[in-house]
Every structure is written in structure tokens, then in C-alpha cells.
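Participant: What follows is each chain in one-letter form.
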Amino acid sequence: MRSVLCYGDSNTHGQIPGRGPLERYGPEERWPGILRSQLGPDWYVIEEGLSGRTTVHDDPIEGAHKNGRTYLRPCLQSHATLDLVIIMLGTNDLKIRFNKPPSEVAMGIGCLVYDIKELAPGPGGSTPEIMIVAPPPMQDDVKEWKSIFAGAPEKSRLLALEFEVLADSLELHFFDAGSVVSCSEADGFHIDAEAHRLLGTALARAVDAIGWSRST
Amino acid sequence: MRFAPPNPLRIADRASGLNALSVRSYNERLVLSLLLQNEGISRMEIGEKTGLSAQTASVIVRSLEQEGLVSQGEAQRGRVGPPTIPLSLNPEGAYAVGVGFSRRRIDIALIDFIGTVRFHTQLPADEANPFPQSSELLEAIRQAMTSLPVEARGRVAGIGLAVPDEVDAMAATRNGSSTSLKALQGEIEEQIKLPVFVQNDITAAAGGESMFGVAKPLNDYLFFYLGARLQSRLILNHQIYKGNSSASFDHGLVRLESELTRRGRPSEIIWSSSPEWPDLGEAYGAWLGECSNRLKASISALTQFVEFRTVVLSSYAPQKIAKALCADISQEFATIEALPARVTISPKAVGAASLPFSSRFMIQ
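So the sequences go chain by chain: A and B. Everything in the first sequence is counted per my numbering, starting at 163 for the first residue and increasing by one. Everything in the second sequence is counted per my numbering, starting at -13 for the first residue and increasing by one.
Be aware that a few hints might be false.
What the hints assert, rightly or not - A short list of chain A residues far from chain B (calculated; beta carbon distances all over 12 Å):
{"hint": "1", "residue": "Tyr206"}
{"hint": "2", "residue": "His227"}
{"hint": "3", "residue": "Leu334"}
{"hint": "4", "residue": "Ala366"}
{"hint": "5", "residue": "Arg367"}
Said to hold, decoys possible - In silico contact screen, one side only, chain A against chain B (beta carbon under 8 Å); selected entries:
{"hint": "6", "residue": "Cys237"}
{"hint": "7", "residue": "Glu291"}
{"hint": "8", "residue": "Asp370"}
{"hint": "9", "residue": "Ala371"}
{"hint": "10", "residue": "Ser375"}
Hints were generated in silico from the structure; no laboratory data involved. Bear in mind that the values here come from a model prediction, so they are computed numbers and not experimental data. By construction, the Cβ of each residue, glycine as well, lies at the ideal position given by its N, Cα and C atoms.
Make the full structure from the sequences, and use the hints.
Facilitator: Set out below in C-alpha cells:
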């Protein structure tokens, strides 16, 4: 059996657009759940989504535990061995409090990739396959999040290219979520149930396309 | 160093369709060559055949996809083992124009990335002056390119010229210099603004068959081209050998023409690219027998020196002829399979058109 770790923020956690952080789609509706059903019994799908998670930043307001980098290492060790790590982060880095350009958000992802390669939690101590997923661009109207995400919607549209440049240069698998889904109008940066379904289905296809030998 | 900004050089340039100016990496060429030979293989199979890691193959396939050279098929589910996503060359990914020079005519063909002829036209050739009106030729090349939709015209990778040695030599004598072919090449490059590649015509025809035809899976084979004359090339380990004497036998269509003339019958039809010929009477039978004997003699002579299991017979003449000759050969030699070539519309022009592809996209 193969293992895939889905490492992300609220859009991996399944937070319902326009609702609070405790309101979440069910396990079968969230994209990791869709991925699980699409990939079938040969795959063990590990969900690791946290609302507000950044790539590498301690959040001075929401807490240091939102730092995706400090939690990644124990998380990888907990779930080793892993055949594939899917990372979908970046939206929270665009909060005005971090003041980061899109290129530096991509570099944050690069740090996570570096850590995965160093820890090598793949089969036999190898580097697992790594897939970078660029989050879908935010809507221009982010409702009551407007001040927190000041300037972010515009930057969010540049993430996919920056992430792909990173993926090309580090030789990683890449998928642009914006090519299949958009964020919900309800709050402008979360994806709805239908988008989870489409994203999970598209990612299952992207995982298939990596190509896996018949022996597991 | 560890966290320096990433180097963006690898990413495909989205602005230009064919990434024209950048030099393609060896691995990109390797993947394209594999896809040319194996339609519908998966990224995993690419990895197995090339030794590239899954992630490296991903990066290459992604950039080739963005350039429109490669397309993904639907997932193949429901078989034993994990599903696979087949990859193929995108036929619309690139085009090339080929020009085949013969004694009687000049063929101009435009092919797509998998070798399908999308446009074909002919100009009459003047035996005394083999590169006659370059303006007419340029016009025909332009016509071939404008047969494509406007948005596809930027995807023409180049132009190939397949030129018989004797035509080149003849032009040189006539013009008193050996630069006439070079001059033509230069003129086309300047006028059409695309690279022009030149190769001997029979070698080009063999190359086209290796790239797109029945010879695709073959490492070694003996190639015959039946045109005005009967000519051959030996292909060993994908290398086309020309040999020192450009052995060419007088058993081609020139011989059939003289048989017909001797019997007072019209012979014009054999120089057309008509897929069917009318009944040519006993002249045809006599010629076919001689031609078959000549082929068998050549094969028999060569088998004493080189081991090969396949003979490919290429011709623009009706398929019926190649089939009949191949049947004769297969019957004569138990260990040799004779196959009519798949490229039948002007094999020389198609071979010429394959030159820009092999130069720009494939490993040699």
C-alpha cells in the first residue's frame, strides 16, 4: 500500500466558505477524501490540513503553531514511510502582517521541500515524490477579511507561476488548483464542496500521471 | 545558497509556441524521441526507459505540454495494477515542409508532428535544369504553409530538401559552380525565415520511414526506394549507411518506361502519383519480374555480409507494386520479412520534412 500526505491549510482541512474555523465539510467531501475514493484501496491518504497554516511563518496573532515548517518534520516522521507528499499552502502567507511577495511565498514552499528531502521519509529512506499544488487565486472581494488580506488577491494570482518556476527548478511535480477550481464567493478564499470534488478528482489524476510501478 | 531564488530557466516560455531560440535539453529530446517511437506510453514507462526520475520526467513533460508538443490521454483504468495516463506527441505540435527533387517532378509536402501529410503539391522538373524557378518553389512552400490555420503557422519547425546526388552534380556542372544547392538553401532561408536542411534524397526517404513508417520499431533493415531508378540504403542500429558507390540500379520506373515505349504504349501515367495504374500489359509483367530479380540479387549479396531480418520497400508508385515485390522477396528468403513502406505520398518529400524534426526535437 502506498501513502500520501496531504499537507495544507484550511482548504485541505475542509473549512466551509463563509463560516467559522470549526465548520468543516465531512471526510468524504473534502478533497483528501475525494482523493482517497478516487485512488482506491491501494492508497492510504493522510489528511493534514490546518486553518491559517503558513509555509514558514510563526503567526504573531493566530499562534506559532500555524508555522507549516515547524510542524512538518514531526508530521513526516509520524506518518513515515510516505510515497508522496502533496503540499497546498501559500494563501495565508499573503496576509498583510507577513508582507511577502509571491516569489517569497514560493521560497517558503522551497524550504518545506528542502526539509522533506533532508528527512527523506520515503521508502527505504528515499525522498518521496513531492507535488506542489498552487492554491486557487483568491476572489477580489474577501468580505470581512479585507484588511487582513489587503493586497493579497492580486498577489494570489501570481502564485501559480512562482510555484511552477520553483517546481521546475527543484524538479517536483506541480499542479495548479486554479486550473480546475475557483474560490467561493462566500468569503473569497475558501473552496466549496463542488470545488473539493473537482480538485480531489483532478489531483487523483495527477497522482496517477506520476506513474507508479505495479509492486507496492 | 540553499534558499536562493529558484532559477527560472527551465520553465517553458509561454510566449512563443515552439520555444524557438532555446536549445532543447538532451532529456527533452530523449522524451520526444521515445514518444515518437511509442505512442501512448506513461511517465513511468518513460522513467523506466530513460532512467529519469519521476519528478524529472514530470518537469520535462510539463514543459513539453505547455509548448503543445505533447498531450495527455485519458487515464487507463480497470486493468491490473495502477492506472496509467498515456502520453503522445501532439500532431498539431509542430509541422515541417519537405521538398523532394526527382528527375520529372518536385514534390512539396507539409507534414504534422507524427508524419501525416497535411498538404501535398507537385511542380514539374526540368531535367536539364534541376533547380529551375526558385520563385515557383518558394511559392509552393508558402502555399504549403498557408494551408495551415493562421495560429498554427508559427509552429512550422523548418524546411527540408531531399536532393539526389546526380541532380546536385548536374546543377553544379551546368551553373559552373557547386554552390547552386547552397544558393537555393540560402534563398529559401532568407525568404521564408526558417532553417533549411539538406540531405540526399534516398537517405531522407529511409529516414522518414524510420521516423514515421513501418521501420519505426526496427534497428536494422535494408531499405529500397523504387523511383526512376532502384536504390537502396542499409540501416544498422538506426544509422543509415550510404556506401561509397551510390549503388543505383536501372531497374526502376525508367526501365518500365522504356519497356512501354518499346511496345508503343503511353507511359506518362507512371510518373504521376496516381494510386492506381491502368493495365499496362505485358511490359509491366516483364519489368516487375526483372525488378524482383534485381531486388533478390541485392538482398542475397548483402546477406553474406550483414545480418538483417527486414526489408522495407518504399515507392510513390501504386501500393500494389510494392506489395507484389515484397511478397516475392518474402517467398524467396525464409528468414527475411519484406514490408511495403507506410509513407507512400512522396516518400522523399516526407523524409525531407522529417529533417527539421530530427534536428530540433530528436536525439540523433
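Participant: So, for every hint listed, does it hold in this structure?
Facilitator: Checked hints:
1. Tyr206: Given that every Cβ of chain B is farther than 12 Å from that of Tyr206 (chain A), nearest at about 14 Å, it holds.
2. His227: Label holds. Min Cβ-Cβ 22 Å, cutoff 12 Å.
3. Leu334: Incorrect as stated: the minimum Cβ-Cβ distance to chain B is 6 Å, not above 12 Å.
4. Ala366: Ala366 (chain A) not clear of chain B: closest Cβ-Cβ about 9 Å, inside 12 Å.
5. Arg367: For Arg367 (chain A), whose nearest Cβ neighbour in chain B is about 6 Å away, the distance does not exceed 12 Å, so it is violated.
6. Cys237: 21 Å, violated
7. Glu291: 6 Å, holds
8. Asp370: Given a least distance of 5 Å, the restraint on Asp370 (chain A) holds.
9. Ala371: With Cβ-Cβ at 4 Å, under 8 Å, it holds.
10. Ser375: Check passed: Cβ of Ser375 (chain A) comes within 7 Å of chain B, closer than 8 Å.
Comparing the model with each earlier hint shows violations of hints 3, 4, 5, 6; every other hint is respected.
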